[in-house]
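Asks: Below, each chain spelled out in residue letters.
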Amino acid sequence: MTQTSWDSRILGNGAEPIYSVQQVSRRYGDLAALDNVTLDIAAGEWLSIVGPSGSGKSTLMNILGCMDSPTEGIVLLEGERLDKMGEPELANVRRMKIGLVFQQFHLVQHLTAVENVMLAQYYHSIPDEGEALAALERVGMADRATHLPRELSGGEQQRVCVARALINHPDVILADEPTGNLDEVNERIVIDFFHQLHDAGTTLIVVTHDAEVAAQGQRQIILEHGRIAREVFDLASTPTKGKPQNVEG
Amino acid sequence: MNNHRKMYLRMITQSFWHRLSRVIIASLSVAVGAATLSGLGLVAYTVPAQMSNELRSYGANFVVVPEGSQPLSADQVAIADSIVGSSAQGRAPYQYTNLLYNMQGLTVMGTMLGDAHAVRPYWEIDGELPTAADEILVGENLAETYRFAVGKKVGLTEPTKAEGTAKQLTVSGILRTGGAEDDLVVMSLDTLSEFTGTAGEFSIIEYSISGDATTLSSLAEAVNSSDSGMDAEVVRRISQTQTGITQTLQTLIWIVSVIIILLTLISITATLNAVVSERSREIGLKKALGALSKEITREFIGESVLLGLLGGLVGAGAGIWIADFISQRAFAVQLNVNWWVVPLTMICSVIIAVVGSLLPVRRISKINPVDVLGGE
Numbered sequence: 000m001t002q003t004s005w006d007s008r009i010l011g012n013g014a015e016p017i018y019s020v021q022q023v024s025r026r027y028g029d030l031a032a033l034d035n036v037t038l039d040i041a042a043g044e045w046l047s048i049v050g051p052s053g054s055g056k057s058t059l060m061n062i063l064g065c066m067d068s069p070t071e072g073i074v075l076l077e078g079e080r081l082d083k084m085g086e087p088e089l090a091n092v093r094r095m096k097i098g099l100v101f102q103q104f105h106l107v108q109h110l111t112a113v114e115n116v117m118l119a120q121y122y123h124s125i126p127d128e129g130e131a132l133a134a135l136e137r138v139g140m141a142d143r144a145t146h147l148p149r150e151l152s153g154g155e156q157q158r159v160c161v162a163r164a165l166i167n168h169p170d171v172i173l174a175d176e177p178t179g180n181l182d183e184v185n186e187r188i189v190i191d192f193f194h195q196l197h198d199a200g201t202t203l204i205v206v207t208h209d210a211e212v213a214a215q216g217q218r219q220i221i222l223e224h225g226r227i228a229r230e231v232f233d234l235a236s237t238p239t240k241g242k243p244q245n246v247e248g
Numbered sequence: 000m001n002n003h004r005k006m007y008l009r010m011i012t013q014s015f016w017h018r019l020s021r022v023i024i025a026s027l028s029v030a031v032g033a034a035t036l037s038g039l040g041l042v043a044y045t046v047p048a049q050m051s052n053e054l055r056s057y058g059a060n061f062v063v064v065p066e067g068s069q070p071l072s073a074d075q076v077a078i079a080d081s082i083v084g085s086s087a088q089g090r091a092p093y094q095y096t097n098l099l100y101n102m103q104g105l106t107v108m109g110t111m112l113g114d115a116h117a118v119r120p121y122w123e124i125d126g127e128l129p130t131a132a133d134e135i136l137v138g139e140n141l142a143e144t145y146r147f148a149v150g151k152k153v154g155l156t157e158p159t160k161a162e163g164t165a166k167q168l169t170v171s172g173i174l175r176t177g178g179a180e181d182d183l184v185v186m187s188l189d190t191l192s193e194f195t196g197t198a199g200e201f202s203i204i205e206y207s208i209s210g211d212a213t214t215l216s217s218l219a220e221a222v223n224s225s226d227s228g229m230d231a232e233v234v235r236r237i238s239q240t241q242t243g244i245t246q247t248l249q250t251l252i253w254i255v256s257v258i259i260i261l262l263t264l265i266s267i268t269a270t271l272n273a274v275v276s277e278r279s280r281e282i283g284l285k286k287a288l289g290a291l292s293k294e295i296t297r298e299f300i301g302e303s304v305l306l307g308l309l310g311g312l313v314g315a316g317a318g319i320w321i322a323d324f325i326s327q328r329a330f331a332v333q334l335n336v337n338w339w340v341v342p343l344t345m346i347c348s349v350i351i352a353v354v355g356s357l358l359p360v361r362r363i364s365k366i367n368p369v370d371v372l373g374g375e
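These protein sequences, in sequence, are chains C and F. No gaps in the numbering here: position 118 of the first sequence is 117 in numbering that gives the first Met the number 0, and each next residue is one more. No gaps in the numbering here: position 331 of the second sequence is 330 in numbering that gives the first Met the number 0, and each next residue is one more.
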């Protein structure tokens, strides 16, 4: 499948992408972590970002997650320029539109599972323990709601992170190596849950080393040395896992 | 209470109790500061009041004498009493005269003996205060010179009249003061009037008044301007000693308090600096979730308030104990504890804890989630 046909099927004719990344670079001195990257991401798309260590995956993720700004280029989220926003505006975008899942889980250690989920509600709007418990139930963690992170396994902690990411019904979920520290069982649970979210219309952007996890997406972009080396399109992969059909460099 | 506020309290209390070692260290610095401040505060404001009572034992601090050569009348005494009013802790009028003992002149002081002893609590009497009309006290020096002893009869004569009154009086006690009274014969006004034939005439009135030098001066001014033929004077030695001790003590305590506050602030700042560094990942995560720096700062300030309340409570208790210890050991006075010191200490501790956290929490805005949450 060609890029043009992909864009027309995912974005629709004349539809605005949720993200539009235009000639974006992120430089640290002489080093370009991202080098002139251009990318559109459709609303409801499941995009996998793959590549070796140091290829710029997390840098791209941080820029899409409003935690970093490009040194050059334009980033649009739902038509609004992120690269022009200051810290308070970026924080507002993070709390209102984005759900984040990290490889290292990153839970607040002195808060219980349900309180960690409520934390995202606290910064977004109004904490609601009932809703937070329901979110934990969706990821099979209701019975561990009052446990502290240190009392949970890695897989359980990641499921709490997923519950926290989805509690505010974000437009986009950004997951950085979400299964990197999980065993197979928990990896399956998290991937299945991502499928549920995707089927419900949530845009998923997943950074991963894992080819199998990457193949869950509708599209893979492969980064090398801060550039998009190639893209892999796989329309048949949604809502169930499929194999890549075409590769463009 | 709305859900947002409940969650805020839940977060800061959870954070507080899950960092007990840090909390204890930071609370201890607040508690030590609070204990010192409350202890010194109590000493500064209660010891002078009690010291004032102690100092009054060194004698009267206010005297009224006749303006001219005429003695004071009972009416004038009543006027002076009404001006001094309720601030007088004690008052005694005196009449002085000379009587003869074996043709030797002795100075005799007539007074209301019970009142005089109250105004001059430093009197030490070997024997008893006279209770009968024919009993007298003799000063220690006089007793030594004339070999007077308790129970001995002393014949005194009025020298100014041809048929002067002569009476045999019994020594009921020997008076030891280390002052002028050691050279006097002391008797009641009634007994003295039997010699002089004049009742209700006084040479001087002594007052022991509760108040500082300013209060005493204004009372003296009031008596002097009453146009009643009296001259009032403040006994500077006592009142100035009292005011001087109070001011020196309070100045010293203010200086020590400022130093203690600074040390406590430095300690809290250092501890909270370490806490902010330790929690940089948590701060980064909260920012990644959309928290603004000011929201996270508010959480840290909330924890500092808890820290101040806990440290203040412990410190106030310890401070009361310290103040009691200092009062008894250093000033030999029993401390009257004012319980307002507990809430006041807690409020001061909260202020110190919050001010001490202001510098560390400024670093929150500099923490970048990307730097602390890791990545590739």
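None of these hints come from the bench; they were simulated from the model. Yeah, the Cβ is synthetic: ideal placement off N, Cα and C, and Gly gets one too. A portion of the hints provided could be inaccurate.
Calculated lysine-lysine pairs in the BS3-like style (CA-CA distance at most 25 Å, straight line) [to be verified]:
1. F:K365 - C:K96
2. C:K96 - F:K293
3. F:K365 - C:K83
4. C:K83 - C:K96
Facing chain F, a subset of chain C residues (Cβ under 7 Å, in silico) [unchecked claim]:
5. T37
6. R94
7. V107
8. M117
Asks: Hint by hint, note whether the structure agrees.
Replies: Against the structure, the hints:
no. : hint           : in the structure
1   : F:K365 - C:K96 : 24 Å, holds
2   : C:K96 - F:K293 : 21 Å, holds
3   : F:K365 - C:K83 : 19 Å, holds
4   : C:K83 - C:K96  : 17 Å, holds
5   : T37            : 21 Å, violated
6   : R94            : 2 Å, holds
7   : V107           : 5 Å, holds
8   : M117           : 6 Å, holds
Hint 5 from the list above is the single one not met by this structure.
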